[in-house]
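All chains, please: the whole structure from these sequences, using the hints.
There are 2 protein chains.
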Amino acid sequence: MEKVRVYNFAAGPSCLPLAVLLKAQKELLNYEGTGMSVMEMSHRSPVFSKIIHHAENACRKLLHIPDDYAVLFLQGGASTQFSMVPLNLMNKNKKADYIITGNFSNIATTEAKKYGDVHVAYDGTVNHFIHIPTQDELSLSADADYVHYCANNTIYGTQWHYVPDTHGVPLVADVSSCIASEPIDVTKFALLYAGAQKNLSPAGLTIVIMRKDMAGHEQSITPLMLSYQRMIDKESMYNTPPCFQIYMFSLMMDWLLEQGGVEEMAKRNKEKADLLYHTLEQYPVYRLHAEKDSRSTMNVTFRTGDEKLDALFVEEAKKEGLVNLKGHRLTGGMRASLYNAMDIDGVKTLCTFVEKFAREYGGQSHVQG
Amino acid sequence: MEKVRVYNFAAGPSCLPLAVLLKAQKELLNYEGTGMSVMEMSHRSPVFSKIIHHAENACRKLLHIPDDYAVLFLQGGASTQFSMVPLNLMNKNKKADYIITGNFSNIATTEAKKYGDVHVAYDGTVNHFIHIPTQDELSLSADADYVHYCANNTIYGTQWHYVPDTHGVPLVADVSSCIASEPIDVTKFALLYAGAQKNLSPAGLTIVIMRKDMAGHEQSITPLMLSYQRMIDKESMYNTPPCFQIYMFSLMMDWLLEQGGVEEMAKRNKEKADLLYHTLEQYPVYRLHAEKDSRSTMNVTFRTGDEKLDALFVEEAKKEGLVNLKGHRLTGGMRASLYNAMDIDGVKTLCTFVEKFAREYGGQSHVQG
Chain A
401 MEKVRVYNFA AGPSCLPLAV LLKAQKELLN YEGTGMSVME MSHRSPVFSK
451 IIHHAENACR KLLHIPDDYA VLFLQGGAST QFSMVPLNLM NKNKKADYII
501 TGNFSNIATT EAKKYGDVHV AYDGTVNHFI HIPTQDELSL SADADYVHYC
551 ANNTIYGTQW HYVPDTHGVP LVADVSSCIA SEPIDVTKFA LLYAGAQKNL
601 SPAGLTIVIM RKDMAGHEQS ITPLMLSYQR MIDKESMYNT PPCFQIYMFS
651 LMMDWLLEQG GVEEMAKRNK EKADLLYHTL EQYPVYRLHA EKDSRSTMNV
701 TFRTGDEKLD ALFVEEAKKE GLVNLKGHRL TGGMRASLYN AMDIDGVKTL
751 CTFVEKFARE YGGQSHVQG
Chain B
401 MEKVRVYNFA AGPSCLPLAV LLKAQKELLN YEGTGMSVME MSHRSPVFSK
451 IIHHAENACR KLLHIPDDYA VLFLQGGAST QFSMVPLNLM NKNKKADYII
501 TGNFSNIATT EAKKYGDVHV AYDGTVNHFI HIPTQDELSL SADADYVHYC
551 ANNTIYGTQW HYVPDTHGVP LVADVSSCIA SEPIDVTKFA LLYAGAQKNL
601 SPAGLTIVIM RKDMAGHEQS ITPLMLSYQR MIDKESMYNT PPCFQIYMFS
651 LMMDWLLEQG GVEEMAKRNK EKADLLYHTL EQYPVYRLHA EKDSRSTMNV
701 TFRTGDEKLD ALFVEEAKKE GLVNLKGHRL TGGMRASLYN AMDIDGVKTL
751 CTFVEKFARE YGGQSHVQG
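Respectively, the protein sequence lines represent chains A and B. As numbered in our numbering, residues 401 to 769 make up the first sequence, in order. As numbered in our numbering, residues 401 to 769 make up the second sequence, in order.
Everything labelled a hint here was simulated from the structure, so no lab data went into it. Misleading hints may appear alongside valid ones.
Pairs involving identical chains hold if they fit within one copy or between any two copies, as the list cannot separate such chains.
[As the list claims (entries may be wrong)] Here are the computed lysine-lysine pairs in the DSS-like style, where the Cα-Cα straight-line distance is at most 25 Å:
(1) Lys612 to Lys588
(2) Lys514 to Lys634
(3) Lys692 to Lys719
(4) Lys494 to Lys514
(5) Lys426 to Lys718
(6) Lys514 to Lys492
(7) Lys634 to Lys513
(8) Lys718 to Lys450
(9) Lys495 to Lys514
(10) Lys719 to Lys450
(11) Lys461 to Lys718
(12) Lys708 to Lys756
(13) Lys495 to Lys708
(14) Lys494 to Lys513
(15) Lys423 to Lys461
Note that the coordinates shown come from a computational prediction; the quantities given were computed from them, not determined experimentally.
Set out below in structure tokens:
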């Protein structure tokens, strides 16, 4: 393989495993002797039918999804789920609890207010989203139709390391940036959703995993494509789905299972994150954004405290083939996203750079200073 | 190039030009020296920004789109537009006229009723959608917020060969299966939309071309991702767009411009359709579904009148590398879709087969009988 590929730390869309890309490249003009690309196939054809069923079954196997849960392949990203969730699930008391731990859970909260009463069970705005609330910090309602939270905050680099106890109220989680990065007990959730462009596939695919009995009670104003029940009934093919992404997703599922599943991924992801956090902690020039207990395994956010130095870090890193390390405009600084497809070599190379940069521009190390 | 590729007459997703697929394949692991695939790129990166702007500009050039029109890259297919159009455009009298000429315009009509008063200006259900209404057959309202129609009916193989006169009422058209197949006077429309998986790109991308002043007045219940104004303001990137499809779309725009634009495509498409219709007309075994004046250039629908013979036709054609000729379940029989990427050689090969099959199974020809 050409050594021109970079280490891509983008927050999403993000790097894909080379093995997956190579397979896609090889099959691009002629998928399994059909004489056509997956991009050219009728979504109703037996060959595509096999692809989408394989994608679903492999996903069920990978995440240990029980039969009373549906797996849906949708479009529109997590932002469409911000509307789809309340339109479908605010159907008894028309009330829901929202936990705000970052930009996207904040937008989800605002959106839900269009369709019912929203109670904010926690709001981390005041502390710049450096903190994930403990169970005791949550003010949950007994009569909410559901509780919504975002399990990993891509922008701020914080992550929930426990599943909140809602005392029987259905739990909904946005897992866009942590799905398939570690084992998850699906049965604790009424609905999980994820924009797939971080850990699972190229952009343009949204995964929903939901208890089937949660569907079928949508508000009458629900747009036809935003009805979970319709998508369950039509096995995600009410209309033409994003076929090529579903194919890429199925290749990713195979790759993840081959690697040892989410159990193995959790080990690797912890190793990668620990290494980077530990390295950053050695040098006073780096300040970590998130509180230690709230740190994300997926997105490591840090800064030097000097915007020019931050820019230099990003610039110099790029020269060494370490790209997309600039932080989101809401946090500034740097961000290294360590999704499943980022291998340990990439993180080691980044750590070497982190050390070199600190020695060159950041004064003394904690350890060696 | 390997001669294993088939002639693919699928109604969508459908064949793509080999040159476009080869370019995509070549760049799949390393796009223009970036060291990554387009699938791995941040949608906020300068390199992707260049791709999406090129896609838009090339589309503007190809379809001669004036500056007071927006070009949007959305998700969810035409079926999402069935909701998005009334949610955004039923905003003055909350009334709209719908013209029903097939399955999808029928669904669009039903969906619009959720959001306002719908007047059916024509309904072709009774005659099995073999006919496109003339201007005189339309019962249009003076106080409608807009008039909606579907310019090409993929399932029935009928097509409008004129733009209806709405006496100043904004005109909205679903052009999913005929966009870029011939010149179109964009200024006659308030809004055009198309699922892109037929003439423009792989599935997962929806194109909207709209007069900018039509946006900004959506109903308060509109989901955030279904607001045209938001998508105009954010240049189609409120959230992560379907990046790879936009890239494929941009390659398709380049290819179409290289071929001579929609003017040249119109010539080729007419030649292809004329050849196939003419060949089918020679043999009494074939019955054409659509009325002569309502025939589609894009989707040719026909049958033998004998379901077993239809199945044999599809089966035998497949053996000769002519695939996806089975008609939609609503019409039965056969359907050959002749989108831009289907070349004249494919149609000639099909015509040769059509003749051979008629001689073998269909009795005498009109001409030679």
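Evaluated hints:
no.: 1; hint: Lys612 to Lys588; in the structure: within (14 Å within a copy, 45 Å between copies)
no.: 2; hint: Lys514 to Lys634; in the structure: between (27 Å within a copy, 21 Å between copies)
no.: 3; hint: Lys692 to Lys719; in the structure: neither (30 Å within a copy, 64 Å between copies)
no.: 4; hint: Lys494 to Lys514; in the structure: both (11 Å within a copy, 20 Å between copies)
no.: 5; hint: Lys426 to Lys718; in the structure: between (29 Å within a copy, 24 Å between copies)
no.: 6; hint: Lys514 to Lys492; in the structure: both (16 Å within a copy, 21 Å between copies)
no.: 7; hint: Lys634 to Lys513; in the structure: between (29 Å within a copy, 22 Å between copies)
no.: 8; hint: Lys718 to Lys450; in the structure: between (41 Å within a copy, 19 Å between copies)
no.: 9; hint: Lys495 to Lys514; in the structure: both (11 Å within a copy, 23 Å between copies)
no.: 10; hint: Lys719 to Lys450; in the structure: between (43 Å within a copy, 21 Å between copies)
no.: 11; hint: Lys461 to Lys718; in the structure: neither (38 Å within a copy, 35 Å between copies)
no.: 12; hint: Lys708 to Lys756; in the structure: within (17 Å within a copy, 74 Å between copies)
no.: 13; hint: Lys495 to Lys708; in the structure: neither (46 Å within a copy, 56 Å between copies)
no.: 14; hint: Lys494 to Lys513; in the structure: both (10 Å within a copy, 24 Å between copies)
no.: 15; hint: Lys423 to Lys461; in the structure: within (22 Å within a copy, 35 Å between copies)
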